[in-house]
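Visitor: Given next are the chains, with one letter for each unit.
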Amino acid sequence: MRFELDDDQALLRSSTRELLEKEAALADTRAVMEEVPEGFDKNMYAQLGELGYMNVLLSEEDGGLGPIAFAVIMAEMGRVAFPGPFLEWVTAIRALSECPDTSAKEWLAKASQGDTLVSFALAEDVHNADPAESQVAFEGGRVRGTKVFVPFGEHAQALLVSTAQGLALVARPGTGWNSTPLETLDHAQRFVRIEFDDEGTLIAEGEKAASVLDNARRLGALGASAAMFGLMERSIENSVQYTTEREAFGKPIGSFQALQHRAADMLLKSESTRSAAFRAAWAEENGEEDADYLISVAKAWAGPAGRYVGGQSIQLHGGVGYTWEYDPHIYLKRIKTLEQFHGSNRWHIQNALRQSPIL
Amino acid sequence: MDLHFTSEQKAFQLEVQEWIAKNLERPFTEEVKDPKHDADSLVEVRRNWQRKLNDAGYLGQRWPVEWGGRGATEVDEAILLSELARADAPNIPNFLGIPLLGPALIIHGSEEQRRRFIPKMLSADEIWCQGFSEPGAGSDLASLRTKAEPDGDDFRITGQKVWTTFGPWADWIFVLARTDEEDRHGGISFFLVPIDQEGVDMRGLKQVTGEAEFGEVFFDGALAKREHLVGKLGEGWRIAMTLLGFERGSSTLLNPADYERQLRGLASGLRENGEIDRPDVAERLGWLAVQNEVMRGNGLRTLANIDAGMPPGPESSIEKIFWSEFHQTMTDEALDLLGPQGQLKATSSHARPDVDWAYQYLWSRAGTIYSGSSEIQRNIIAKRVLRMPTAK
Numbered sequence: 001m002r003f004e005l006d007d008d009q010a011l012l013r014s015s016t017r018e019l020l021e022k023e024a025a026l027a028d029t030r031a032v033m034e035e036v037p038e039g040f041d042k043n044m045y046a047q048l049g050e051l052g053y054m055n056v057l058l059s060e061e062d063g064g065l066g067p068i069a070f071a072v073i074m075a076e077m078g079r080v081a082f083p084g085p086f087l088e089w090v091t092a093i094r095a096l097s098e099c100p101d102t103s104a105k106e107w108l109a110k111a112s113q114g115d116t117l118v119s120f121a122l123a124e125d126v127h128n129a130d131p132a133e134s135q136v137a138f139e140g141g142r143v144r145g146t147k148v149f150v151p152f153g154e155h156a157q158a159l160l161v162s163t164a165q166g167l168a169l170v171a172r173p174g175t176g177w178n179s180t181p182l183e184t185l186d187h188a189q190r191f192v193r194i195e196f197d198d199e200g201t202l203i204a205e206g207e208k209a210a211s212v213l214d215n216a217r218r219l220g221a222l223g224a225s226a227a228m229f230g231l232m233e234r235s236i237e238n239s240v241q242y243t244t245e246r247e248a249f250g251k252p253i254g255s256f257q258a259l260q261h262r263a264a265d266m267l268l269k270s271e272s273t274r275s276a277a278f279r280a281a282w283a284e285e286n287g288e289e290d291a292d293y294l295i296s297v298a299k300a301w302a303g304p305a306g307r308y309v310g311g312q313s314i315q316l317h318g319g320v321g322y323t324w325e326y327d328p329h330i331y332l333k334r335i336k337t338l339e340q341f342h343g344s345n346r347w348h349i350q351n352a353l354r355q356s357p358i359l
Numbered sequence: 360m361d362l363h364f365t366s367e368q369k370a371f372q373l374e375v376q377e378w379i380a381k382n383l384e385r386p387f388t389e390e391v392k393d394p395k396h397d398a399d400s401l402v403e404v405r406r407n408w409q410r411k412l413n414d415a416g417y418l419g420q421r422w423p424v425e426w427g428g429r430g431a432t433e434v435d436e437a438i439l440l441s442e443l444a445r446a447d448a449p450n451i452p453n454f455l456g457i458p459l460l461g462p463a464l465i466i467h468g469s470e471e472q473r474r475r476f477i478p479k480m481l482s483a484d485e486i487w488c489q490g491f492s493e494p495g496a497g498s499d500l501a502s503l504r505t506k507a508e509p510d511g512d513d514f515r516i517t518g519q520k521v522w523t524t525f526g527p528w529a530d531w532i533f534v535l536a537r538t539d540e541e542d543r544h545g546g547i548s549f550f551l552v553p554i555d556q557e558g559v560d561m562r563g564l565k566q567v568t569g570e571a572e573f574g575e576v577f578f579d580g581a582l583a584k585r586e587h588l589v590g591k592l593g594e595g596w597r598i599a600m601t602l603l604g605f606e607r608g609s610s611t612l613l614n615p616a617d618y619e620r621q622l623r624g625l626a627s628g629l630r631e632n633g634e635i636d637r638p639d640v641a642e643r644l645g646w647l648a649v650q651n652e653v654m655r656g657n658g659l660r661t662l663a664n665i666d667a668g669m670p671p672g673p674e675s676s677i678e679k680i681f682w683s684e685f686h687q688t689m690t691d692e693a694l695d696l697l698g699p700q701g702q703l704k705a706t707s708s709h710a711r712p713d714v715d716w717a718y719q720y721l722w723s724r725a726g727t728i729y730s731g732s733s734e735i736q737r738n739i740i741a742k743r744v745l746r747m748p749t750a751k
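Same order as they appear, the protein sequences are chains Y and S.
Take 1 as the starting number for the first sequence in our numbering and just add one per residue.
Take 360 as the starting number for the second sequence in our numbering and just add one per residue.
Computed far set for chain Y versus chain S, every beta-carbon distance over 12 Å:
#, residue
1, Arg-144
2, Gly-318
3, Tyr-326
Listing some non-contacts, in silico: residues in chain S with all C-beta distances to chain Y over 10 Å:
#, residue
4, Val-404
5, Gly-430
6, Asn-450
7, Leu-459
8, Ile-466
9, Glu-471
10, Pro-478
11, Lys-506
12, Asp-512
13, Glu-540
14, Asp-560
15, Lys-565
16, Ala-571
17, Gly-590
18, Ala-710
List time: in silico SDA-like cross-link candidates among lysine to any residue, alpha-carbon distance up to 25 Å:
#, chain 1, residue 1, chain 2, residue 2
19, S, Lys-381, Y, Pro-357
20, S, Lys-392, Y, Ile-358
21, Y, Lys-251, S, Arg-746
22, Y, Lys-336, S, Ala-641
23, S, Lys-369, Y, Asn-286
24, Y, Lys-251, S, Asn-738
25, S, Lys-704, Y, Ile-358
26, S, Lys-369, Y, Pro-357
27, S, Lys-742, Y, Arg-262
28, Y, Lys-333, S, Trp-646
29, S, Lys-381, Y, Ile-358
30, S, Lys-742, Y, Tyr-308
31, Y, Lys-336, S, Arg-643
32, Y, Lys-251, S, Lys-742
33, S, Lys-742, Y, Asp-265
34, Y, Lys-336, S, Asp-639
35, S, Lys-742, Y, Phe-249
36, Y, Lys-251, S, Ile-735
37, Y, Lys-251, S, Arg-743
38, S, Lys-742, Y, His-261
39, S, Lys-369, Y, Glu-289
40, S, Lys-369, Y, Ile-358
Just so you know, the hints here were simulated from the structure itself, not pulled from any lab data.
Backbone N, C-alpha and C fix where the C-beta goes; we use that ideal spot for every residue, glycine too.
Extracted from the complex, chain S is given alone in its bound form (with noise of 0.2 Å):
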């Protein structure tokens, strides 16, 4: 067993924390509180700190050089993500393009591809959304009917996406659509659309916090060029599952750096409402740190294996379901320990300084359905784990 960073990794981390320093205005919480902005503004605020990062050279870091990469490895990346979060950064605009749409066009995509869609996706000048969830299609993906049908050279687009987080301010979206009817999986295709355009009809979808940063979008015989197919026709399939393990290491330290925060944030809370010190809140915050520092055992065993260049164990699904439900178990306390300062708004009068607990409190609902459910995520440990029978 190893569990020590190298001295390269720690000078590393030291490096992330002093650019953070230096180059982060204030802590994204901050900025929600700021009366100034509205959604729009916040998002310019997302996009230029991923500006920043990327002049910095920080994204898409284990990228081949020419695309931006500088050799770095999923523990270095795990580092500089688990800093961001303690530092309560914003979250980039393209955090679902970089890592997702990012390796799928360095692997599968076209020269012409890369060259066009890379650089702008890493400066933020062009902002992508995903489009694989269907209102019929979530959880068992591959039912999707969105479909892609020839239309000269190239495609027009039929259909409708959901949860399509940061659609709203969306240029680009990545597409799985349908061009085969009778195979189900070899059926679908990976299209690049834009979305100003005719046949694009994007909507923002409020959710339970009040905002709209998810959106539905229709397609209506939408025009995806030829050219921006990637890979074959029917390999979309095989690329999303890809891309979906690629970065399986990278948030491996982030959720408990990020509640790490938070709970921090939770115990001055109590500091200053003078209960940190009863012996039932102080156990009950305990037990919260505790589980934490069991989820970031977990993750530094994903991450340690990973780097050991070990195949992939039970660890993946096991995290998913533990920071999914950890986040809300974690909230649900907060919010009951901090009293109803606990539910005061972020922009509102009196809100807690340093954590916007009631977002939290109804973000962390969303955690446990999206990118794998928490039902999905134990099937996949009943049956691919513990190999438990299946019903004939």
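Just chain Y, same shape as in the assembly (with noise of 0.2 Å):
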């Protein structure tokens, strides 16, 4: 048995450390976050195409570099709070792979380079566990229908679109999307209400769409479990660092009990969501029967931790980790937009009950 990562997933973590910390460090996350109205840097989302980074969920033939590569890449993008759709865009990759569809093959060859956006249109206004009963549809070619917080939908070049019928593709049309921004807590997302009255493709019907859905979900969830790790872990790093350096009453405040055991309950919250988002990414890597279910013990543990973290990594930096200018803000935030989606905190713990040894 080894937990550890192999030489090659090592290698993998220390280089996509080493080029995040050199093209995106946090000075220009918040230039992202505060200047670009895309949300993300262009050309650093073609530099991880040209590195091979956005094919990581295809097949190995295809590019891909595993489950546990995968979480090794979103850990470390947690680390940085990696600005833009990278999420959004790998599983639409993915999904996109799936379809035999001709013109999904033709979307997924241009997102697969990093400078095509291809994103999902998935949540309604109406909460509906199940795609079947969207009530967008897809009818003579159209797809009618709202879809809400559709992530970085408005510079979107494609969108990947759960109807009533199936999972619709829909080429962004030369007017634009019929969009509305939504401005969610997180200065970071590009959230759009999108109103679709738009020409479409079906590229995946019936039992085929829901489980090009569920991979997207699974997948998602277990991205989205990593990246809330690499979040708490850089969280718990800023912590102890601002506490060891910041003094009070002649001793520097992490000398203090009450601080150091807030920060050993962040670091349990934090290693305890690394086990659980590696073993899952390890059980899906070698087809487990329970990885679904690791998947969603995984994310259902994420998204309270990492609230904790997020917030008590504030509360360690005092006054100064309620300003903008610090980071702290930042871990929270897009913590909170990753605890929400590819399924909630309900969604997931359910989903785990349902396959539980308990029952």
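Both chains are given apart, each in its own frame, so use the hints to dock them into the complex.
Guide: Rendered as structure tokens:
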């Protein structure tokens, strides 16, 4: 048995960390968050495309690296709160690869380059666990209906839209999407509400559509869990560093037991997330029967754990932790976003319980 | 990464499962519920169970062959303990003697000590208890004051030990005693002391559960023979510390297996009282199941890293906090979800058949205190793992 990464996975981790520290440091994240309308650095994504990162979830012969490598990458991206739709993009690429339709293949080739964003439009005003109950319809070659919280949708070149009839691919119309921005507490996000009345292609139907969406949800949840681990790990490092440097009453505040015990609890949550997320990634990689269960366990745990770590990181920074200038808020906000997508905590708890050995 | 058991380990797991199915007459919870039993006869149930395990070669399986070992690894030990927990098998009376004193004798003891003590410890003919904690020395164990003074070739022990689990039924106690007042750690020695002698007064210490499984023991010039000093004078602290690290892998899968069994009992209770389909109840049950599975993930990680020969990471303190605090969370929730039925003692009419919830609930309060309190574990994490500063 061995939990730690194999040599090539460890190498991927160090090279990804180096790349992101150099090209996507937190200062860049801030600049993207505050100044770039798209919410991501197009050059950076093109570079990721060139380096093969966008294909991480494809099969090995198509350049895929496997779920453990995917978790490694997501954790590293979490550490720098990497901005933009990477998780949606790579899961969309995976979804396109599962659809035999020729237009899916065309979009797959483009999206893999890292310069053509394909995202998902799944959520609706009424929460339907079952995509077949969608209020959005595909009829006569057109998609009609409203989707909400479409991540980075305004600047997507195409969207994968769940409809009552199956999974539709809609290319960005010449006039742009009929979209309204939805501004959440996470200033790095770019969600929109889109009213569709656009031409599209049904790329998967029935059970096929369900399985494509299920895979996207499962892999998205795995990626989100690993990303939350990275966000937590870095939040803790930052908090420990701050409390070591900051003095009060003539001592570093990190020497006070109240703060030390808080930090210990943060580490417990974070390291437990690491165990859960990488165990789930390993199960997914090896096609274990309980992979879906373990991913739901990881995601259900990571959200509340991340919320705790992100919140306490602000607390340990004291007053400056509440300022825009200091970084803890960026981490907490990203965790809040990840917690709500790729299946909510409640959904994952239910999904885990359904498959739990206690029943 | 590789979290699979090997085919040998899987075969061992199957072997243990089959052995338990054949040899365990009934779950320990059912023994506890049986009105024919009292505290003493339950100890005999546990003693008999230990004998069966020993006869089958399952005790001390990681030790050298001549002392009962069979070349087993920490993974095998973890598998054995988790299967025993899953089956609600009785805890063996020498559950402290075997994992703590056994390795101490094998590593630091003399050949005569090994020959004299190990076979009877394995067969449960002699029950051992541990004399480490004192009324004034718990988390700060090195401040212990029980002393051993030379008396000819031998030693006389004076002082008090407390929280001596299984003390009231023990024949022997392994004691940390001070042999040098000046040297905090190097002035502690490790003695084996018979309880049935003048100068030893063992009293039961009634716990919040109403039982007296713990004892407190008063030494007033009790005799410890020179040949029962383990290691050299002043080596006691070092011996004790190596012991505490020796078994770090074996319980990794035990708690998740034990709690999984209890959660299964909770689920059946909720099925019977008709509440399991309520969304709020299902969500609370599901959240408990999730936390238990996360705990198992931590355990697998620790075990896998031990198996791969990696040095200990931050896991052991994290695991200790996790299992002990989750036990409280789980039993809090169970007693709330089951309503008053959850508070029935196992021996009461209409108690749940499969889990002794009232006992579990009360017993869970001890886990965050013994074996390094949650506060000590958090200090360890902050100082040794996170390297937070020390106050000047």
